[in-house]
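Student: Listed below, chain by chain, are the residues.
Protein chains: 2
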Amino acid sequence: MSRVHALNQLSTRRASGMSRSKGPLVDVHTHVYLPRYAAELRARTAAPRIMNWTNPAGKAEERLLILDGEPNAGRPVGPQYWDRDEKLQFMRKHGIDISFVSSANPWLDFLPAARADSLARELNDDLEDYCSTSPEAEGFSGLKTLYGFGLLPLVPGIEISHILQTIDQIKSLHHVRGVIMGTQGIGKGLDDEALEPVWEALQEANLVIFLHPHYGVDSKAFGEKSNGHVLPLALGFPFETTISITRLILAGVLDRYPSLRIMLAHSGGALPQLSSRLASCIDHDPVVAKRLKHNARYYLGQLYYDAVAYGPEELDFVSGIIGRSSRYGAGGGQYQTQIGSQRLLFGTDHPFFPPLEASQKWQSVEDNLGAIRAAHWNGLGVAAQDDVMGNNALRLFGLSQ
Amino acid sequence: MSRVHALNQLSTRRASGMSRSKGPLVDVHTHVYLPRYAAELRARTAAPRIMNWTNPAGKAEERLLILDGEPNAGRPVGPQYWDRDEKLQFMRKHGIDISFVSSANPWLDFLPAARADSLARELNDDLEDYCSTSPEAEGFSGLKTLYGFGLLPLVPGIEISHILQTIDQIKSLHHVRGVIMGTQGIGKGLDDEALEPVWEALQEANLVIFLHPHYGVDSKAFGEKSNGHVLPLALGFPFETTISITRLILAGVLDRYPSLRIMLAHSGGALPQLSSRLASCIDHDPVVAKRLKHNARYYLGQLYYDAVAYGPEELDFVSGIIGRSSRYGAGGGQYQTQIGSQRLLFGTDHPFFPPLEASQKWQSVEDNLGAIRAAHWNGLGVAAQDDVMGNNALRLFGLSQ
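Protein chains in written order, with numbering that gives the first Met the number 0: chain U, 0 to 400; chain C, 0 to 400.
Calculated directly from the structure, the hints in this document are not laboratory data.
The reader is advised that the hints may include incorrect statements.
Note that identical chains are pooled: a pair holds if it fits in a single copy or bridges any two copies.
Heads up, simulated BS3-like pairs for lysine-lysine below, C-alpha to C-alpha not over 25 Å straight-line [what the hints assert, rightly or not]:
(1) K219 x K187
(2) K187 x K289
(3) K58 x K92
(4) K143 x K170
(5) K289 x K224
(6) K289 x K360
(7) K360 x K143
(8) K92 x K360
(9) K187 x K224
(10) K58 x K219
(11) K224 x K292
All chains, please: the whole structure from these sequences, using the hints.
Tutor: Given below as structure tokens:
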């Protein structure tokens with residue numbers, strides 16, 4: 000894309016907002032199935048897998064089945080999942096300057112330990128290549144358009160030392176700035192004591208942990224009626240994230256590793272709305288309460304949140320919940336007006352939630368951008384919008400100029 | 000309690016708020032195990048049951064086991080669960096003028112249909128007696144201190160006509176003003192077509208439906224570490240409510256019965272924070288989207304919510320989500336400043352979450368009262384506080400004077 004075209008597009012994007020934004024647009028929630036990973040899925044005969052399918056119109060296509068028994072025989076899958084040009088085209092369409100790309104779920108969860116171990120390293124090298132050879136971000140001297148979150152071999156039976164070696168590998172990959180992580184750990188969830196050295200190493204390495212759901216909750220809760228993917232995606236996903244981060248809090252991980260930089264998918268799921276109830280339930284259970292240094296609400300200020308909430312009221316709420324967190328520290332504190340908008344980060348969830356017509360802008364992206372523009376942000380206006388749209392990401396990932 | 004004592008206490012309570020409230024304090028979320036129900040639980044050998052237990056100090060006590068495998072061998076249970084004087088004493092302690100009492104979970108869920116059918120009617124008659132013979136509410140001419148939510152025999156194998164007959168019974172009980180309902184319906188959840196006549200009859204009878212959780216989500220999601228009741232109560236309960244009301248929305252029940260008066264426990268659980276995500280997921284599934292008359296966010300304005308959220312930010316958020324709902328109707332609309340605080344109602348969850356010391360005021364109650372006083376309520380101040388603390392309840396249940 001020419002520089003002039005880029006600038007025209009930038010001004011179009013910015014003019015469409017409620018107020019003029021001057022900063023970069025950076026996407027921290029955008030997924031890829033790298034070709035090596037897609038090949039792994041194609042070779043499988045059980046979910047997760049990519050399979051050939053003849054659609055009702057008689058056309059052969061590939062379909063992605065993420066979970067066994069998924070409704071609608073999974074979903075269409077195509078180059079938007081693995082082709083870097085498609086990612087860059089999507090970014091241009093929506094005026095996104097820089098993306099932090101992560102493997103889509105279910106990562107390596109389904110693999111035997113030895114295979115997960117080797118594939119993690121190969122995919123991290125692939126991701127470094129994917130990013131380091133990407134075009135320069137126009138207008139951002141020395142920055143690339145693509146950076147990434149690497150993978151750790153978090154599967155049952157893995158030796159912790161192998162996870163630590165993979166963290167070392169990632170530290171050496173200049174364009175891989177964090178790790179994406181599911182909720183299962185090495186089989187017992189993220190509150191497993193066996194993971195202590197992993198948290199220590201991740202804190203030490205200053206890598207951003209993108210905590211992302213995959214399993215949802217037991218689908219029996221969703222009943223027998225067909226609602227497509229609505230219930231597992233709209234509710235199951237955020238519930239899983241909420242449970243996982245709550246278990247981390249209850250296990251004292253955020254007390255022991257207060258500098259861990261954890262970013263929660265989907266704006267923290269339901270944690271913000273349930274955080275005062277969580278604090279109350281802990282208050283009523285002295286065994287649990289005594290284990291923690293702070294009121295549960297305090298920890299929400301230690302976390303980062305993507306801004307993938309689809310509504311301005313939701314963003315303002317999460318921002319306020321972050322802002323109030325310091326009141327709940329053991330030492331007390333005041334509401335902080337700015338911290339909320341400094342810990343939310345624009346994301347798209349691409350290539351999921353595609354538009355119903357291929358030519359359209361992605362409604363999911365427009366909704367999330369519109370929400371950032373329409374939010375009140377404690378009256379901080381364009382400065383807060385710019386933070387959420389991109390400045391926070393550049394700071395968090397050490398790319399500020 | 001003497002009139003003078005009552006007024007002194009009223010002024011003490013009111014002086015402790017941020018601003019002076021002039022209205023009644025009405026509790027819409029307060030539970031009872033009526034003696035007949037407690038006897039049923041004592042006769043059982045599997046959960047739910049009340050069992051004799053010798054505590055670690057060697058003292059005999061009764062314990063309530065609500066679910067099999069519950070942590071800590073359940074919880075202590077005593078007269079606060081069934082003795083009306085204890086309820087009235089609790090109300091006096093916290094300045095509560097009127098309570099709308101409901102059976103605590105798991106209601107009749109565990110009973111064979113014939114037993115559930117007869118016990119529902121007996122317990123509804125008991126509840127009418129419990130309320131109609133309660134003291135007059137001081138300062139509220141002609142009103143009692145206690146009103147109630149009745150029970151329907153919502154269990155597998157019941158004939159729908161028997162549920163309808165129980166609704167007829169409740170209509171004849173002057174002090175029973177609604178029904179409390181779990182999420183299982185007659186075995187397939189509340190989105191079961193078989194329940195259509197029940198919704199129709201409840202709408203016609205103008206009874207308030209208090210939708211309340213019991214089962215949470217599959218406890219495997221909570222992992223192996225001991226966190227007492229924290230995870231199932233803080234997260235599982237609100238997740239269950241959220242799934243249930245979402246399934247009702249997706250099944251079109253709120254389209255077909257727009258005058259149903261449903262009050263959600265725990266301020267709607269996670270529905271408010273996930274409602275824009277829900278709307279987006281529906282938008283991306285045309286089969287589901289075409290089934291509904293409105294954007295998912297619209298339906299949140301049709302609902303009522305207890306104010307049992309433990310924090311002012313949460314209350315303001317739920318209020319705002321209700322306020323925005325009319326924007327999302329098929330015909331469009333404007334944000335409504337007042338509607339949010341008109342659809343939230345003070346509750347205590349008594350006798351659950353008792354204070355750690357018997358002599359104390361209940362922290363859970365103080366938290367919820369404090370949250371109502373500290374919330375911003377769109378700048379509506381004391382008028383909104385008075386609505387949430389009691390005026391809304393008197394209006395909703397047809398007791399306004």
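Student: When no copy is named, should K224 and K292 be tagged within, between, both, or neither for a Cα gap of at most 25 Å?
Tutor: Between copies only: 18 Å across chains, 44 Å inside a chain, cut-off 25 Å.
Student: Can you tell me if K58 and K92 fall within 25 Å by alpha carbon in one copy, between copies, both or neither?
Tutor: neither (28 Å within a copy, 71 Å between copies)
Student: I want to check one pair: K143 and K170. Are their C-alpha atoms no more than 25 Å apart within a copy, between two copies, both, or neither?
Tutor: within (18 Å within a copy, 69 Å between copies)
Student: What label fits K289 with K360 when the C-alpha limit is 25 Å: within, between, both, or neither?
Tutor: between (51 Å within a copy, 21 Å between copies)
Student: With 25 Å as the alpha-carbon cut-off, assign the pair K58 and K219 to within, between, both or neither.
Tutor: Neither. Shortest intra-copy (33 Å) and inter-copy (41 Å) distances fail the 25 Å Cα cut-off.
Student: Using 25 Å as the alpha carbon limit, work out where K289 and K224 are close: within a copy, between copies, both or neither.
Tutor: between (44 Å within a copy, 15 Å between copies)
Student: Within a copy, between copies, both or neither: which one fits K187 and K224 at a CA-CA cutoff of 25 Å?
Tutor: Between copies only: 9 Å across, 31 Å inside.
Student: From the Cα coordinates, with 25 Å as the cut-off, is the pair K92 and K360 best called within, between, both, or neither?
Tutor: For K92 and K360, the Cα distance is within 25 Å only inside one copy (7 Å; across copies 58 Å).
Student: Checking an output row: K360 and K143, CA cutoff 25 Å. Within, between, both or neither?
Tutor: Intra 24 Å, inter 59 Å, cutoff 25 Å: intra-copy only.
Student: Within a copy, between copies, both or neither: where do K187 and K289 come within 25 Å Cα-Cα?
Tutor: Close inside one copy (23 Å), not across copies (41 Å); limit 25 Å.
Student: At most 25 Å between CA atoms: does that hold for K219 and K187 within a copy, between copies, both, or neither?
Tutor: both (22 Å within a copy, 10 Å between copies)
Comparing the model with each numbered hint stated earlier shows that hints 3, 10 do not hold.
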